[in-house]
Structure formats: C-alpha cells, structure tokens
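Student: Given the coordinates of chain L, work out where chain S should sit on it, guided by the hints.
Number of protein chains: 2
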Amino acid sequence: MTDFAATRALFHLPEGVIYLDGNSLGPLPLAAQTRVGQVLREQWGDQLIRAWNDSDWMALPARVGDRIARLVGAPPASVVTGDTLSIKVFQALAAALALAPPDRRVVLSDSGNFPSDLYIADGLLTALGGRELKVVAPEEVADAINESVAVTMLTEVDYRTGRLHDMAALTARAHAAGAITVWDLAHSAGAIPVHLEQADADFAVGCTYKYLNGGPGSPAFIYVAPRHAGVAQPILSGWLGHAEPFAFERGYRPAPGIERMRVGTPPIVALSILDAALDAWDGVDMGELRAASIRLTETFIREVERRCPTDDCGLALASPRDPHARGSQVSFRHDHAYPVMQALIARGVIGDVRAPDILRFGFTPLYLSEAEVVQSATILADVIDTRAYEAPEYQHRAAVT
Amino acid sequence: MTDFAATRALFHLPEGVIYLDGNSLGPLPLAAQTRVGQVLREQWGDQLIRAWNDSDWMALPARVGDRIARLVGAPPASVVTGDTLSIKVFQALAAALALAPPDRRVVLSDSGNFPSDLYIADGLLTALGGRELKVVAPEEVADAINESVAVTMLTEVDYRTGRLHDMAALTARAHAAGAITVWDLAHSAGAIPVHLEQADADFAVGCTYKYLNGGPGSPAFIYVAPRHAGVAQPILSGWLGHAEPFAFERGYRPAPGIERMRVGTPPIVALSILDAALDAWDGVDMGELRAASIRLTETFIREVERRCPTDDCGLALASPRDPHARGSQVSFRHDHAYPVMQALIARGVIGDVRAPDILRFGFTPLYLSEAEVVQSATILADVIDTRAYEAPEYQHRAAVT
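Quick note, the sequences are listed as chains L and S, same order.
Oh and the first sequence: position 233 is 233 in my numbering, straight run, nothing missing.
Oh and the second sequence: position 30 is 30 in my numbering, straight run, nothing missing.
Same shape as in the complex, but just chain L (with noise of 0.2 Å):
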C-alpha cells in the first residue's frame, strides 16, 4: 500500500497553507535542497569538467527518462528528458509528420489544447508548408479524425477543465485512419494513471514541473515508441542527439533510439533536483494514486456545492461530474474568479484561475489530506458567502495568473 502520509513528509510545506496549485507548481521536495548543495559543491564546484565522467552527467537525461517511464506506462530507454515541454511538443510534431502518409495535410488538436501546443503547432506548420492546424471542440475529436489527418495532436487532461480524453480509443481511431499521435501529458505525469505503450502511443510530451515536482521551469520529456525510435527524424537535430557527438564529425548522424531526442548540453542542476523530486514516486502504486485522487476531487466537489449551491454562489463544476472522465484537477466557473481566487490565497487556500472566469485546484495525494479539502471548500463558500472577494485588494491583476 502506498503510504501518503510518508510521502507527505517528504516536502516542504509552507505552514497555514493548502496547497491546491500543484497541478501548476508542484511543492519543493526536501530531498532537491540536499541533491542541489551536492551537485553545487562536490560535483560542479570540486570535480569541475570532470563531472561530466566522474558524476555520469551525460547520460542523466536518459537515466531521470527513465524514472518517468515508468510513471507513464512507457518501457525503459524510451523517454529522454530536457529543453521545455514548447520544445519537445515541436519535436514530436515534426517527427510525426515526417513519418505520417505525405498527401495528408491535416494536423488535429482541440480547443481545450494547451494554447502554447497549438502555437508552436502554427509556427512549425507555417515554416513547413502545405499542412493546416484543424482545431475541432474536445468532443468532436473522435468523428474528426479521418483519412485527411496525418497527425492528431491532443493533450489527455484539459488544463481548464480536468476533462479526460480516452487515449486508447483515440490511438486506436488515429491508427486506424492512418494517422499518427502527439499526446501532451502536461497534467497527466504523476496525475493519473498513462499507460503509453498499452494504448500504442506514437510519440508523448510532457513536464515535469506539475504533479511531478521538479520546480520552476524543470525539464520537459518526450516519448517515442520504440517501434519509431530509430527511424524519427530529429528537426531539432542538436549535438547531443548524435551518434556520437564527442567525435565532432561534419554531419550529423542521429543516436540510434531515444537519445536523438537530444538536443543542446543539458541542464545538469535542473535534472539533479527533478531526480531527487522523482524519489517521492519510487513507493507509489499509480493506481492507488488514482483512487485518492478522486476521493479528494470527489470530496472536493461534493463539499463546494453542498456548502454554495449554483443559484446562490454563481459557483459552476466546469470539470466532467464523472471522476473517471477527469484528471486530478477540478475547475468552477465563477463570474468573479480571479478576485474569488486572490481572496482564498490571501486566506491560505493556494488555488489559480484561468481566463476568462475558471477557478482551478489541483489534487495530489502525495501531500494533500482529506481534511485539507474539506477545509478549502469551507473556506471557499465563505469567500463567497461573505463576498470577500469584492475587497478593493482582490481586483489588481497581477502579471502571472
């Protein structure tokens, strides 16, 4: 059994607060701040150069890839990690059209994408020519995919509204079309359950700096199926993706599997300390992760409306009502969400909102209790009841949402 209440003690969290905002910024591990002053001063500051030998940096990519595999249901030596998720969602996409029937001229994603998907999408299709980004809504994703679509692009977890895409079926439709699949696991990795290699996944993307706890701007990963891994033509065709990039040849010769996925010189102190965050996993059943996310996003939900029903509170469940059509978040919308959500930080509860009117919490049973939920919901209905959200400090927008 997996012991959440270990796990919990295996972060830093701030007193008084209850941390809702995971699914943006995962907490600070202990165990970062001590690989970190490691890394600083017997590897960078007394090895210098040599670390690159001595502490096995080069190959720190593949090994942190391969501690995520396992969290999404990918095979070893199958997920490198590096650059941003923006960056590897360009990769995979380019990759993907280059191995995707040439007469299709149709890439597929939703309106529930992540917006810097599709731009990087807009930008790689522009440069390319001859291909159209088609944006269908979340649910019309499925009757779309047809014999026009080279690649479908889609992220599994919607970031406003938790809502779930089946990624088997859609693989399954996808192949079936003859199309090929770019699945975003940006709140997926360390939220749910993903299981890439069952569902026959093409390629996936995702970050680490979410449910996977690997701080500000942490290092991105992608996936490629093995069965592809050889033969997926890197766009971004760095040093590191070469067969042998200390030989400094004139051409490029990509590695042979997952490795040509490299790109520049990795960011050795951002992976330390993802690898450290990534020690919090090693005991962690995900389909009991599962189960206690949705009695958390379950006992959420329930708490809310049963305290601030919709006519009153302006309070509406913009997330699936069925647990197993979400992810580990749970979005409200409200008229006044951004001022609602600086009136519940402001009373600890550490939440974020979403343009235009998306109130957005984020469940990780890692660090999060039952009594924690409870109590935010609490806290919730209260802001609104006593519309504390109306003081005049709640309504500055700051910068960052």
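Some hints here could point you the wrong way.
In this list, chains with the same sequence are indistinguishable; a pair is considered to hold if it fits within one copy or across any two.
As the list claims (entries may be wrong) - No farther apart than 25 Å at their CA atoms in a straight line, the calculated lysine to aspartate or glutamate pairs in the DMTMM-like style are these:
{"hint": "1", "residue 1": "134", "residue 2": "122"}
{"hint": "2", "residue 1": "134", "residue 2": "200"}
{"hint": "3", "residue 1": "134", "residue 2": "249"}
Rather than coming from a laboratory, the hints here were simulated on the basis of the structure.
Tutor: Here is chain S on its own, set in the frame of chain L:
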C-alpha cells in the same frame, strides 16, 4: 581598474587544481550557492506558485539578458535568456532566413563552426527545403560572401583553435552583399570584448556555462538587433513569446520585441544561478579583461615553447600566434593529445581535448593568475618530456572529452 584578485575570491577553486577549462565549464561562483538556497527555500518552497509574481520570476529571462547585453555590446532589451545554444541557433537562423531575400539559396558557414550549429542548420534547412548549407574554410569566408548568400552563420571564436573572426568586417561584407548575419558567441561572451551593436550584427546567440560561469547546461541567450526585433518571425512560437501569454488566446501574437524569442516556461533555478554568477562581472572592464587574457595566453605560449620546442616534443601551436587573431584560449596539436591531457589532469592541470589531436586550454583572468599559467606550462613540458602520458591509466577514453 578591474581587481582580478577580488574576482578570484568570488569562485570556489579546488585546492591543487589549475583550471584551464573555464572555456568549457566555468567554476562555481560562491554567490550561486547562496542564491540557489534562497530560491529553493524562500521562493519555490515558501512562495510556491506565487513566486511567479512575488519574486518576479517571469521577468528573469529578460533581466538576466540585460546583464549579458552589457558584456556583448548590446543595448538593453535586446537579449533574452533560455533554452540551449542549439535551440537558439535554430531560432536565430530561421528568423534570419525569413528576413533574407527570398531568392537566395545559400546559408554560409565555415568548418571551424561548432558541429552542433551545422547540424542544427542541416535539420532546419532539410525541413524547410530549397536552401543549402555551404561550409568553407574559415579563411575563405570573406570571399565566399556573395549575392547567393541569404545568411552567414559563423562562430566568432573557433572552438578548436581559438581563431577569431573579424565580426565587424564580415558583418559589413555580408550587409553589402544583402545577407543577414547570425553570430555564435559561445567562446566570445565573457572571453573578449564583443560589440554587437557597433558591428551592426543582426542576430547573435551564445551560451553561459563557459566564460560566464552559469553552471553545467545553464541557459543560452539570443540577441536580435532592435531594427529586427519587431518583425523577426519566431519559428519556435511558444506561449512565453506571445504578447499576452496569460490571455490564453487561440492565435499566436508575438510579443513586441526581443521577448518573442522566449519559448517555454523559464528554468528559474538555472537562471537564478546564472544571475548570481553574473555578479562577478559587475566591476569588470572588458578592455582590461582582454589585456589580462592576452597576457595569460602569451605567457602560456612562450613558456610552453621555451620548455618544449616543437621538434623535440611534438607540440605544435594550433592557435593563431597573433593574440589579436585569437580568443581567450590556446590550443596545441599533439599526436597523443588524449593521454597527454589525462596525465595533465592527474597532475592538477585541467584542460580538455578536441578530436583528433587538439590540446585545448582556456584562460580566464577572473580567477587565473600568471603564476598558475607558468606552472601549468612547466607541468605540460614535464608530462611530455618524461613521456608520463604513456602510462596505461591514461589510455582509456572516457565518454565525454
């Protein structure tokens, strides 16, 4: 006057080591240790997601960019940090191509460019089609700039030999021929005075883990001349290059200036370390740095050659003999470069090798003294004189050189 004894005290330099590899990985600045502790505990740890506003994390890529701008002769708000150098080469080259006359087919580079720049150009040009990468010898670059050239893509200082291109002259020649310039400053930034604005450079990119001491795999930077910054097309059109990332609009609208060259969520811990590392440059005059660097490299060449004449030792200077024609490194060729370097490292003199036969030594006045340079020349001569490099333990080739 720059006080190089004071700057030396800002670094952790292990006992018994003469570090001549700051051109590959700069040593640990003590300020980085303090800063990383603060960022982890006080910002990430205590502020959690609020740190994006409360600690102004979102502005860090531009704020650190401005500090680098001063070191490379660029105006404020023309440099932004993030990603890796290879990614920044890709961005800059794509944007340069979009600004070049559309009928020009050639991207011109030279065989002294770092292989990753050439690999990245290959990957981009293959994807775009219709253009070719032409690689000439470094000394043939000027003559090869003609009206077929869309973009020149050059590294100012050769990573193997230290040979220095004349940025102003080549840029003027490129402009006269109607071409756009991309300069890679990997071995220039913090090594020599760079005058991007004065030279009228169009795009420049660089890394920060060498002479800027930002740590292993620290973020790269990109410069876009202010005249281009409002029109340059970001091929890597990630959300943080958007004019309003948190509006989460469907369509990509690039930010007005250099910020459009941002891509994904910035690596806050790594950027904070880099920011702290840049403190060492606060009182440094780049002209005085250059004078001190030339004193060090001249001393090294003189002391090595005095003790180790080419005919006796098999050491041949691979760097230009004229100090004004080279950067802040000195390279010697030797048939047994790899074991010679291993023997040197075992004796506390750390440099590196570049295949097949280059012994490479970086000279960094910020933390390196004349006495150390003389001593390292003595040790090099001794290693060769006594054939110490023939010992079996120096023959094994590590993964990373």
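Student: Could you run down the list of hints and mark each one as holding or not?
Tutor: Structure-based check of all given hints:
1. When the C-alpha separation of residue 134 and residue 122 is checked against a cutoff of 25 Å, the pair qualifies only within one copy, where the shortest distance is 10 Å, while the shortest distance between copies is 29 Å.
2. In this assembly of identical chains, the alpha carbons of residue 134 and residue 200 lie at most 25 Å apart only when taken from the same copy (23 Å versus 41 Å across copies).
3. Proximity of residue 134 and residue 249 under a CA criterion of 25 Å is satisfied inter-copy only: 16 Å between copies versus 40 Å inside one chain copy.
Violation of the numbered hints given earlier is absent; every hint is satisfied by the structure.
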